[in-house]
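S.K.: Sequence:
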Amino acid sequence: MKNLFFYVFAMMVLVSCGSSKTVVKRSSPTKTVAKSPDLKTLSSHYSGNINGQIKEILKDAEKYLGAPYKYAGNTSAGFDCSGLVSKVFDENDKKLPRRSEDQSNTGKEISIKEAKPGDLVFFATSGGSRVSHVGIVQDIGNDGEVKFIHASTSKGVIISSLNERYWNKAYLFARRVL
92 MKNLFFYVFA
102 MMVLVSCGSS
112 KTVVKRSSPT
122 KTVAKSPDLK
132 TLSSHYSGNI
142 NGQIKEILKD
152 AEKYLGAPYK
162 YAGNTSAGFD
172 CSGLVSKVFD
182 ENDKKLPRRS
192 EDQSNTGKEI
202 SIKEAKPGDL
212 VFFATSGGSR
222 VSHVGIVQDI
232 GNDGEVKFIH
242 ASTSKGVIIS
252 SLNERYWNKA
262 YLFARRVL
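Every letter in the sequence shown is one number past the one before it in my numbering, and letter 51, counting from 1, is 142.
FYI, nobody ran anything at the bench for these hints, they're computed from the structure.
Please note: incorrect hints may appear among the correct ones.
To be verified - Derived DMTMM-like pairs: lysine to aspartate or glutamate, alpha-carbon spacing no greater than 20 Å straight-line: (1) K150 x D181; (2) K204 x D184; (3) K185 x D151.
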């Protein structure tokens, strides 16, 4: 019984945000973004201004910083990545699908250069091109650094940067849902 529990727990951790589908890279009319662009050198079109709805979404996401990771969780007792995103948007009267696979088809795909706070960023944390992780853009630095809030399997709800090698390599695309 103890071995079965360990096996089930290990499988949950490995799966992270649940099942996902292979995402086909879509090309934008102006530029195709490679799977792993050098995000450190991107300049942003973000003006620094965000509307009230986005401010509330970010405030709600930030209140969960430090919450633990919990597979299939969507409460302050524990979140997985898509649970955090759906919970925060739901608290602001914007319904999003529960699974990261479905969230990756919501809204409009945008270039990472167009990203602004409140947009969603998607990742393939298991390699390949399968969506397996999602986060909410929290801030864009003057140098174009994209920071995002997400539920990490090892650290719970945290803020990370697309400049971090792991996230830069795993980055797939961004979508605007507001």
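S.K.: Are K150 and D181 close enough, with their CA atoms no more than 20 Å apart?
M.R.: Cα-Cα ~13 Å, so holds.
S.K.: When you check the alpha-carbon spacing of K204 and D184, does it fall within 20 Å?
M.R.: Answer violated: K204 to D184 is near 27 Å, above 20 Å.
S.K.: Take a quick look at whether K185 and D151 sit within 20 Å of each other, Cα to Cα.
M.R.: holds (13 Å)
Of the numbered hints stated above, the single one contradicted by the structure is hint 2.
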